[in-house]
Amino acid sequence: MIRIACLGNSHNAAVKLGWDEIKGTYPNITVDFFSGAANSMKGLEVKGGRIYPTSEQVREMFLAYAGHDSVAPDYDAYFLVGMGFGLVPLMSLFATHRPPRFYYREDGAHLISESLLTESRASLIERSPAVNCLRLVRTITSEAPVLMIPNPLPSIEILQTPAGSYWSGQELLEDCTEYLDRAIGKLTDVIYTPQPRGTLEGEYFTKAHFAKDARLLKPRWTRPTNEGDPYHMNAAYGAHVLSQIFAHIGVLPSQQAEAESA
Amino acid sequence: MLPYVGLPARQFWKTGVQPFSSDTIQEIYSPKWPIDGLRIATAGSCFAQEIARAMRARRYNVLDVEPKPPGIPEKIANQYGYGLYSARHGNIYTARHLLQLTREALGLLEISPSLYVLENGGRYYDAFRPKVEPNGLSSAEEVIEQRHDHLKRFRSLLSECDLFIFTLGLTEAWFHKDTQIVYQIAPALTSGAYDPNQNEFRNLRFSEIRSDMLEFRDLAKTINPGMRFLLTVSPVPLTATALPQHVLVSTVRSKSVLRAVAGELSETYDDIDYFPSFELLSTPFLGNGFFEDNKRTVRRSGVEAVMRSFFDAHAGIKPTQVELPSEAKTEEEVVCEDALLEAFAPR
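Residue numbers (the numbering used here), protein chains in the order written: chain A, 149 to 410; chain B, 312 to 658.
In isolation and in its complexed conformation, chain A is listed as follows:
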């Protein structure tokens, strides 16, 4: 039996619901989901070789979905899902604040210096809950593989909303991608797994149908995302992500494994 700890924020919902759909084909795997909303996974700490939440709200969610109030050091693999690492937080910064090279007086964004842009990006990415979780996991185990899955790219339908129109800015997208690539290059002791190709619409977006009927995890219940939320994905997306990761670590679905062994 392979035991996996899947740590994440709201994006863990897609993975959890995807897992519910495909777990029958992976009888030799168990996954415990440790989730906290938004940036609350930044508030974790290591005590006695285990990772504990520092807030009661997150502790409740750990208990509700993983059945444990802390993350143990003896899992066979650790997945880090979303938690602010990805293109979306970097682009969201440009929705409201722009450095001189991307600033136009008419578009309403606040002008910031390159120096503050650097600080802001570091806060968003290098000090994201995902990177914090990676550090904590590496504190409790140096052996098990850790796989990082970024925040999903937004649904292509974001381009149809006035608030999301800045996602059509090719220069902004390229600038954020360059920064993200550099940040990924600086990660150590982790396997970075980009969003599955099969879910992509072009280079920077997710196919629209993966954002339909998405859910947010809450303690003891599951509720739909806000109408038209382009940032959260559904169970089908989660299943894609898991299939890709399992393949990456060499675990195949049971039918495929049987076929290959035959």
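These are calculated hints, taken from the structure and not from any lab test.
Quick caveat, the model's predicted, so the values are computed rather than measured.
Backbone N, C-alpha and C fix where the C-beta goes; we use that ideal spot for every residue, glycine too.
Among the hints, a few may not be true.
[Stated by the list, open to error] To give a feel for the contact side, a few chain A residues facing chain B, derived at Cβ under 7 Å: (1) 240; (2) 241; (3) 248; (4) 261; (5) 263; (6) 267; (7) 272; (8) 304.
With chain A's structure known, arrange chain B on it following the hints.
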């Protein structure tokens, strides 16, 4: 019968002051009008940061027309001038500076960049708010563009707010000689060079400050006729005086003038109120336990006592029970440019 017979206890020294300290005194402030639900702007000397912070902690609607970028920690944001006031102008120590900023924002005053773009070590700064970019900017053009953006936001603040809270801080100020443009602090503290041919020092007088505040009020009301004003006087003493006299004499002169202006305005105009934070902290009658050992920095407990008086007065009689955030700011975290002057004090 004596006209004093039957007056409330607070009107007699024996019952209004003698039994109390700054944190127990009662009924020291009677607000002219309620502020619940108002859209509030805050500005002024560094003590005004405490007012903004306390009001935000109590969920008052303190406007922020220049919000920090997403994700950035508050401490770093503060270093870049975000979250201190309703706009990113840094500290405004004098009424003249507030008026000048307002005239600029309303397009009534155009200041040549040569008067405010400072260069130091290959980096460029805005002399009217030199600390909002701790590392400076890469070009003079960027300073100009940032100033343009800031003025646009400040103008929107003036049109949006219902209540403008201003803390009067100093009377001593530095000017550009020919144009009488006022700077935030002594020019040498930001550019590293002080030119006596270009800059001059002046200690603003009662009549000038009163006139500046009234002109500010008139201008603000041209775009926002319903705006009201709440004045306070910073209890923080001067770090240094440019006058050839003892700094304590300059401090008392400065604060007395500012207090008199605030009193004059609030007694004359229905839309101007005065909150006596200065009386609570800077007179000897309520104890002197609210300053740090340097006798200048107001202790956290002092700030809380002052703000409690303010909120209690606005809540009616019952004290409010809201806790301030646990991460109380240290002196270093309250951004005070005039503290730079201390670096020049004799060792």
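Verification of the hints:
no., hint, verdict
1, 240, "holds (6 Å)"
2, 241, "holds (6 Å)"
3, 248, "holds (6 Å)"
4, 261, "holds (6 Å)"
5, 263, "holds (5 Å)"
6, 267, "holds (6 Å)"
7, 272, "holds (4 Å)"
8, 304, "violated (23 Å)"
In this structure, only the earlier hint numbered 8 is contradicted, and the remaining ones agree with it.
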